[in-house]
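Student: So the chains spell out like this:
Protein chains: 6
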Amino acid sequence: MENKVIAIAYEDVTDENGEFPLLKPQSIIAGKGGFIAALNFMQRIHGGKGILLSRVDGVRTPEITIIGAGNSGTAAAELAAAFGNKVTILDISSEQFGKARKVLPANVELLYSNRANIEMCLKRTDVLINCILWPKWRKDHLITREMLKLMKEGALIVDVACDEAGAIETTKATSHDDPVYIVDGITHYCVDNIPSAFSQTATTTLCNATLPYLLEIANKGVKRALIENKYLRRGLTTYEGKLTLEETGLKQNRPYISPEEALGM
Amino acid sequence: MENKVIAIAYEDVTDENGEFPLLKPQSIIAGKGGFIAALNFMQRIHGGKGILLSRVDGVRTPEITIIGAGNSGTAAAELAAAFGNKVTILDISSEQFGKARKVLPANVELLYSNRANIEMCLKRTDVLINCILWPKWRKDHLITREMLKLMKEGALIVDVACDEAGAIETTKATSHDDPVYIVDGITHYCVDNIPSAFSQTATTTLCNATLPYLLEIANKGVKRALIENKYLRRGLTTYEGKLTLEETGLKQNRPYISPEEALGM
Amino acid sequence: MENKVIAIAYEDVTDENGEFPLLKPQSIIAGKGGFIAALNFMQRIHGGKGILLSRVDGVRTPEITIIGAGNSGTAAAELAAAFGNKVTILDISSEQFGKARKVLPANVELLYSNRANIEMCLKRTDVLINCILWPKWRKDHLITREMLKLMKEGALIVDVACDEAGAIETTKATSHDDPVYIVDGITHYCVDNIPSAFSQTATTTLCNATLPYLLEIANKGVKRALIENKYLRRGLTTYEGKLTLEETGLKQNRPYISPEEALGM
Amino acid sequence: MENKVIAIAYEDVTDENGEFPLLKPQSIIAGKGGFIAALNFMQRIHGGKGILLSRVDGVRTPEITIIGAGNSGTAAAELAAAFGNKVTILDISSEQFGKARKVLPANVELLYSNRANIEMCLKRTDVLINCILWPKWRKDHLITREMLKLMKEGALIVDVACDEAGAIETTKATSHDDPVYIVDGITHYCVDNIPSAFSQTATTTLCNATLPYLLEIANKGVKRALIENKYLRRGLTTYEGKLTLEETGLKQNRPYISPEEALGM
Amino acid sequence: MENKVIAIAYEDVTDENGEFPLLKPQSIIAGKGGFIAALNFMQRIHGGKGILLSRVDGVRTPEITIIGAGNSGTAAAELAAAFGNKVTILDISSEQFGKARKVLPANVELLYSNRANIEMCLKRTDVLINCILWPKWRKDHLITREMLKLMKEGALIVDVACDEAGAIETTKATSHDDPVYIVDGITHYCVDNIPSAFSQTATTTLCNATLPYLLEIANKGVKRALIENKYLRRGLTTYEGKLTLEETGLKQNRPYISPEEALGM
Amino acid sequence: MENKVIAIAYEDVTDENGEFPLLKPQSIIAGKGGFIAALNFMQRIHGGKGILLSRVDGVRTPEITIIGAGNSGTAAAELAAAFGNKVTILDISSEQFGKARKVLPANVELLYSNRANIEMCLKRTDVLINCILWPKWRKDHLITREMLKLMKEGALIVDVACDEAGAIETTKATSHDDPVYIVDGITHYCVDNIPSAFSQTATTTLCNATLPYLLEIANKGVKRALIENKYLRRGLTTYEGKLTLEETGLKQNRPYISPEEALGM
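Residue numbers (numbering that gives the first Met the number 0), protein chains in the order written: chain A, 0 to 264; chain B, 0 to 264; chain C, 0 to 264; chain D, 0 to 264; chain E, 0 to 264; chain F, 0 to 264.
FYI, nobody ran anything at the bench for these hints, they're computed from the structure. Mixed in with the good hints there might be a few duds.
Copies of the same chain look alike in the list, so a pair counts if it fits in one copy or across any two.
Unchecked claim - Here are the simulated lysine-lysine pairs, PhoX-like style, with alpha carbons at most 20 Å apart:
no.: 1; residue 1: LYS148; residue 2: LYS48
no.: 2; residue 1: LYS3; residue 2: LYS148
no.: 3; residue 1: LYS98; residue 2: LYS23
no.: 4; residue 1: LYS48; residue 2: LYS122
no.: 5; residue 1: LYS151; residue 2: LYS219
no.: 6; residue 1: LYS151; residue 2: LYS122
no.: 7; residue 1: LYS222; residue 2: LYS138
no.: 8; residue 1: LYS135; residue 2: LYS48
no.: 9; residue 1: LYS171; residue 2: LYS222
Next comes chain A alone, as it looks inside the complex (with noise of 0.2 Å):
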């Protein structure tokens, strides 16, 4: 604030189907990058069950529960059905079953999220793969920790979203170094960071998005392009010494101005 620096979040840049297009291509890394932990935590020589996570014929096929129909866990199971396992994501909005019908193969179930279903899959799920970010506010879980008790011993999750107790309430973050630990008998893989083990894919992928927000800056210069491009505004959070910050509306008696305001709009 005192050097005047321009600050743009990327994780509030819209587009203009209110989705985040800097954000996307990391959910995408992240979720992928949840099923091959999924793949080595499995394997015995990472004290996992000694699993393959493919179908093998004659082997019961494996099955792989995914919490969540957005861009990470339609990630996640596209890979997990790639490999031949038995895939279901759980959601509650008919809206994005349909998006994400087009995208998956046929043969992942898409159920929907309540109470029965859920404890019918954690009975019967070889991996957990929890892709949905839980409201600060709630103070309930998804899948609390007496519920650990319904899956099968030597059972895994993977909680890409990694919220302490958030969605899964035992879910404390790890790191790459030391990614898992044991809770009642259930492993637990919590990176918060997963994204960084593919740091060149990430970062073109990520560039791919960065780019044409650039050039648009470096075209008009910076105060232009984001006068004239709403969803760029919608990301700016200091501008010369001023904290902004969209819908100032619902947060007032806080030191932020609008990003108009900021612009002199």
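Position chains B, C, D, E and F relative to chain A; hints supplied.
Tutor: Structure of chains B, C, D, E and F alone, referenced to chain A:
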């Protein structure tokens, strides 16, 4: 025998791989018809639980277990999977798995048939389709009446093979007029001539398979055809008033002679 | 009205795309059920020609014509194609073709619906499945009784939309108890409540679609829910003793008021 | 013969399944080239009807009939189906159907070849591709000149097998310089060396197939290679001034000896 | 203008998504035709290298690079991939990638278009198909003459967009009569009216797209149709002797008035 | 030998096609495990380049080269292709290509293995997976240390076959504890017992394959089983204190007798 009819049995003619080219078309139609019967008798209007045997996003995907990875079982699995159900085929032959895999979609599970796997399937399945013939001399059963208790209430058994007291202990043959009965809460469909429902298709495909033999008989005369074509000869049952049987060596003390003897070869 | 019931009609609630989220699940089940009915009534044991509606190598592949590329038509096509039939969907909307193409396999033909194409299809088809609602004010028909003469003897019409004297001139609604009748050699299946055969599946999917609205009503109270959610409000039919109707401007001189007026907005 | 050349004919070398490994690559390229020729000669600029042989939503999908489910026919069908056409292969062998099915997509129709089915196809088809060799001794034809009248005006016949007065009565061999002619309104493409258009691809694949035999000859010397490898020996045509022919027993009174005799085995 | 013709330009009518429904069918046919041209001009008999643009096991799979992921590029990629080639589409829009992904098979590579990626593709590719229109005001090129040196000898450029001195510096429009020329060892195919080769298909699909507008004009009269349908109105070019142009605000000092003014709205 | 153990070697039991039914399951798991190892060791956190081995739109698709189209190679290719990578299998056998083609998706390239093709692949590939056993008597290598210079910096070699100084000159066997080492900038993963990571899956599939032989031995007694089943007998290694070996004719002067002799047949 009095009229000296020359009889060749469809079910005994083999090809060079030891398969039965004149039975295969009916086996395929029987297997497909078995799944179509399941589609019907799971409907509420036909006394079933009102389950549509097809993936519907948001709803639990129905599960279908098929016993036997031969022609019938593979054909039933092909249709059941095409409708988006979760399909498991149980068999004990890796070789059959290999053949079935080439024509089935990736999401059909091929599972080794042992007690643990059968019981796991019985607990989950909405429909069980039996496609293996049971040796006449066996007194035991693959699915005993006791094991029906493992199944969900309202589950359906379709016995395509339809051996009374065979693989399924509780099977009794029924007809298209009165096709189902209930034992211990499990509906049984045991029509022993499924292909007759698809008479036109069955006739055409059977004629396609039979025609090469007819042409050979028409061109050469029946005696020369039988002498020159050992696969056709295997089907010879009566010839000029004599009963004939391949492998008479195993069945001494019976009034059979070998086809070769009958033909004076 | 006397009891001041607050009634919200399923068939009038829309989503932000102008589609009907509470009707869509039933349309899908009706379309799928329509093809399953065709599977049955082409069987010899149910009075049909004995044709198995599934590709059998060596035998002519059955042809299925579907009128309308909406939810029902697409669902019927999905199953008919999954069984390996040759499927043609007739429609007049390029936009519908675009939507249908994304969920259908490549071998479903999407064909512009005009007289020449309809007649070509009638001559070839084994089964005609009608999935378009016919405007009540239209006196003409898409398929007249005269045009039935173009069809093969023993062909089957399944009228999923089931408007009497609608798109199909010869349609009269039937019930699951007595589902078919014959006109000029063509079998007609016109059950007007196909989803009831699949009661469990239909109930589950309908509940999935309804639940978000119920939760909103439960959380906010019905009045605030109706005021804040304009899509729900479109379904309002009676409110505190008053008949309401969206678009009252078009229907003056009737005893309706708009939902907004009724709610005092 | 004078120079005592040792000649081994490509077209007579078999493998252990009785197939011709040195002919197969050319057959595949000829079949693919046959469909590519059809793509061209249906274009308006090359005198055709101006039909794009590829599914275009809204437009009638083109129909392609292929005679023969061997290597050429299957290859032609693979490409024709890949472009989204409706493809029917006619053959009389269930065994060929089984082989073709494993490599073709589900929407290729495999149909028993009899008069009724051929006529049905001739009436509908936009392109007929012939891929069966016709026995030299047969005087009849599969498609007579009379039968061309059944075809649509402007339809195209591509004769990949290209036997003059063979399966197609009206076939006369043409060259790449002047590839088509018209008989009774039907365009005929009968280039008898299709693979030469794809010289680089054809050469590479032929070398791949030939190399193992060359290596064996180089390593062992030609005589020992011929003695030890009975499949190679079947191709022996001249050896040290003698004409050789397998199965000389059937062709007595000719100046041939068997390869084994020639080699002094 | 003298005759007061009412002219509506196909290329200016939009739909509600800002796309051009009357151009799209031709773009698709042009893209498909572009790949079909490549199939031809890689043949030895047409002066090419004799490469069959289709996967042949054992032979290097041909590589096809397509510039632009719009309607033409996607259609070209669809066919090129269907024949089993390795296909890369270059584009700079993540949104276009998302749309293209839904209709393309998984093995088409969608690659961000930058100098490094273009050069990598030029070195590898057998065929380059350009499907992007180049802004008339740009003086630079995407592929300069200098860059042709990166390509393999005998490679082929198909310029579907066919802007002279546009995206491809060396493009000059050609005709179906004399379609190709060579620059620096690289064959160029730059026919500027590819769809005319497929006249029947193109006409049908164009009529399908046009018919709804014709019906609206026929039912309402042209003036009312233009007033009520703003998408149709965007195409208005002359009306009662006046030149009209949408967005006249940007083009002052020209003899245009807006369509709305012309219609007296 | 002292204890007169009857030993039957898994790796010598064949089936009627000359394949090794008791080795095949491990080969498949080794091949799949090889690709999973590549997934890991390309990650930045495990010392790799940070490349996600999965298609991500906008990013260059990773390239995987697999040597050998047998059971291991095909299994590795199946998973690598399922994740959307560009996969090339090098082999010299058209017959292996034919078998592999039936189980692999269309976008796996099967390429004849010669020096030119190997070098082209080495230059491009991100990962090289070796799946061919190298004859013990060969002193040369398929990939010499010199050839590593052709590869990209940071590329990865996974040697599933893991013959020291075999197909890959620079291979030295490693263990799961310390799996990788670097030679000339190329990472090598040469764990010689990959399936042990997937112990549960490997055990189950191995038991499935073994069970029929165990049952035969249990039912008949070991001597009769060995006498009646020539495939099992091929695996006999010691019998009543004698070393046995099939094909003793080729290995004279050794203390072996044939299994048949040992059994007194």
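Student: Next, verify each hint and record whether it holds.
Tutor: Structure-based check of all given hints:
1. LYS148 / LYS48: Within one copy only: 17 Å inside a chain, 31 Å across chains, cut-off 20 Å.
2. LYS3 / LYS148: Neither way: LYS3 and LYS148 sit 53 Å apart in one copy and 49 Å across, limit 20 Å.
3. LYS98 / LYS23: both (14 Å within a copy, 15 Å between copies)
4. LYS48 / LYS122: So LYS48 and LYS122 pass the 20 Å test inside one copy only (16 Å; across, 24 Å).
5. LYS151 / LYS219: Intra 58 Å, inter 39 Å, cutoff 20 Å: neither.
6. LYS151 / LYS122: both (6 Å within a copy, 16 Å between copies)
7. LYS222 / LYS138: neither (41 Å within a copy, 28 Å between copies)
8. LYS135 / LYS48: neither (34 Å within a copy, 35 Å between copies)
9. LYS171 / LYS222: neither (41 Å within a copy, 42 Å between copies)
In terms of the numbered hints stated before, the structure departs from hints 2, 5, 7, 8 and 9, listed from lowest to highest.
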